[in-house]
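S.K.: Now for the letters of each chain:
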Amino acid sequence: MKTVFEMTPAMREMELHYCPGCTHGIAHRLIMEVLEESGRLGDTIGVSPVGCSIVAHRYMNVDMIEAAHGRAPAVASAIKRVHPGNLVFTYQGDGDLASIGTGEIVHAAHRGEKISTFFINNAIYGMTGGQMAPTTLIGQKATTAQEGRKVEDSGMPLRVAEMLATIDGAVYVERVALNSPSNVRAAKKAIARAFEVQEKGLGFAFVELLSSCPVNWGLPPVKALEWMDEAMIPYYPLKRFKCPEEVK
Amino acid sequence: MSSGILKFEIDKCKGCGLCVAACPAKILKIDVKTVNKKDYHPICCTDMGKCIACGSCALMCPDGVISVYKEED
Amino acid sequence: MTDKMTDKPADKMTDRKLMKGNEAMALAAIRAGCRYYFGYPITPQNEITEYMSRELPKAGGAFIQAESELASINMCYGAAAAGGRVLTSSSSPGVALMQEGLSGLANIQAPMVIINVMRAGPGIGAIQPAQADYFQATRGGGNGDYHIIVYAPESIQEAMDMMGKAYDVADEYRNPVMILADGMLGQMMEPVVVPEARKPIMGDDIAKAKPWALTGHKNKRERNAINSVWLDQYAFEEFSNELWKKYIKAEKELPEYETYNLDDADLVFTAFGTTARIVRESIDQLAKKGIKAGLIRPKTLWPFPYGAFDEIEKHAPNAKLVISAELSRGQLIQDVKLGLLGRLPVALIGRVAGILLTPDEITQEAMALYEKTGKEGK
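Chains A, B and C, in that order, give the protein sequences.
For what it's worth, my numbering labels the leading residue of the first sequence as 14, then goes sequentially.
For what it's worth, my numbering labels the leading residue of the second sequence as -9, then goes sequentially.
For what it's worth, my numbering labels the leading residue of the third sequence as -12, then goes sequentially.
It should be emphasised that the hints constitute simulated quantities derived from the structure, not laboratory data.
Ideal Cβ placement from N, Cα and C applies to all residues, glycine included.
Careful, some of the hints might be misleading.
[Stated by the list, open to error] Restraint-style ranges between C-beta atoms, simulated for each label pair:
| no. | chain 1 | residue 1 | chain 2 | residue 2 | range |
| --- | --- | --- | --- | --- | --- |
| 1 | A | 163 | C | 238 | 50 to 60 Å |
| 2 | C | 126 | A | 156 | 49 to 59 Å |
| 3 | B | -5 | A | 242 | 28 to 38 Å |
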């Protein structure tokens, strides 16, 4: 009998607290699979955000620390200076990275910090109960935009991957999605590339993972994935914006 | 002809249905007649013989419920 | 575990230099084994940042000019959690931004040293010296129940000597420690004896010295998961109990102070930092005018040496008045009153807005206050 899929031992034996159908579980697993398969699990240090995944360290079998809201890239930059031979990554949501943490992510990219950032973009604030995020779509309802996001009040949603791709220090920038098996396979490859960029010391690596939040979108999990396809991907195109030759 | 074998950790299932939608053979469904320890309706396989062991269900499961194996002749 | 690899007393005359306060403090940190600095420019402490940018890489360490003080303190949070010996520095408005990080560092029990070269506030304020961050340093200034340990040097030499101690205490207590200096100390120049160099603990040596640090588990141990959030209140309460044991221990073991001219004093000053030196001048002036004045100088501001005020009963039983001299609207004075517990009246001689007190000013105001006290018979 051949094993086609078993849960990686790099995911700890703990049941995930995330909502049914929340794609954090997929994202966590892909990162752990990549690290375990490359034999680098023991050398990796992660930084978790403030958000639903603040307790990502319960599930990921790596040394990990919770950062203050938005500060993970600063925390990670410093960890990497103390342990340059280790792999260091941040795992952040859209409130954490695209709102309060914009200064830190831009400057980590600007300095070309040799860290990898995984940006979970689900176009809403999860943990705090569904407020508008900088990435919430026009017309999308949120608790702080109850008639739907309006451009005249809140501007157009922020395209983080595009923005970071303009910075020289961000040498690898890709946007992927977790809404289908083929997209999940592509996401895993992007995560692997993001770590390879770091292994080779090439600069800052960034992967934006379009994700779902069924509860705060008010959609059942499968419908939430369909909405990602219909509404999110057209605005946030799946694309490899930048990639170093050495990693292609 | 090789056949897929699925193993479920039923008590981890939250009944989200992502695997049901992902299965190309359409052999997974939410079993509304049972509840697991979490009080969710878990998944079940309606026809294991049709499983092609593609692994799509396991790929989409956020909770690590499904393990996928392939019997070889 | 503390890093005392080559901890010889700093009274060797081999390393004697004329140094600017800011640079001296930076050098002292490197000598104490600091190899990581993250900071942001702000007057009047920029020489610290600039010195570190040049010297740390030479010493095999790492320097980042961060994008803000907010990023700086969060970099310290990361480096400290990773087991590095780390320094940041700023001045009052920048230290205000760092409060989030200090509360966080106390919560994750990570050691570091921070230098505040105080300037006048509130707000952007003045660039000249002040002592008005006493509350910020000792009463918070971040959220929740915690303390940072605060040393207040009055001279550049003392600041350098306190640096090594600050790192030892930070490591022993696994807590941030602050060197509370002021713009005058930072900018002036004095002859100093530079402390001996200690071997830094870096790279693979960190895991042994600090088994709790983030170093990568190497598949040989359980992962180190450092949390700041506590979802179980009862577990959090237990954690707070453990944290508090540290602070109670600190209150027993760490308070430091010195007295000057206290014997038979009629009037007792309290002051910290460079203001204490100005008070000493005034004490000499008052002596010529027939008023015996003494000084109690706290060297730790948290934990505060409340017990120092018992010395007045012992050595200056005739003292009628205590005067707190500070460059603020009265912050140290609160702890002075707590230390005295009503045993003596307390008055304030203060100056704000970046203006320094002069010995003449202190002498005149002290005489007026002393006379007034005499008349009111209090």
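S.K.: Checking each numbered hint in turn, tell me which of them this model violates, lowest number first.
M.R.: 2
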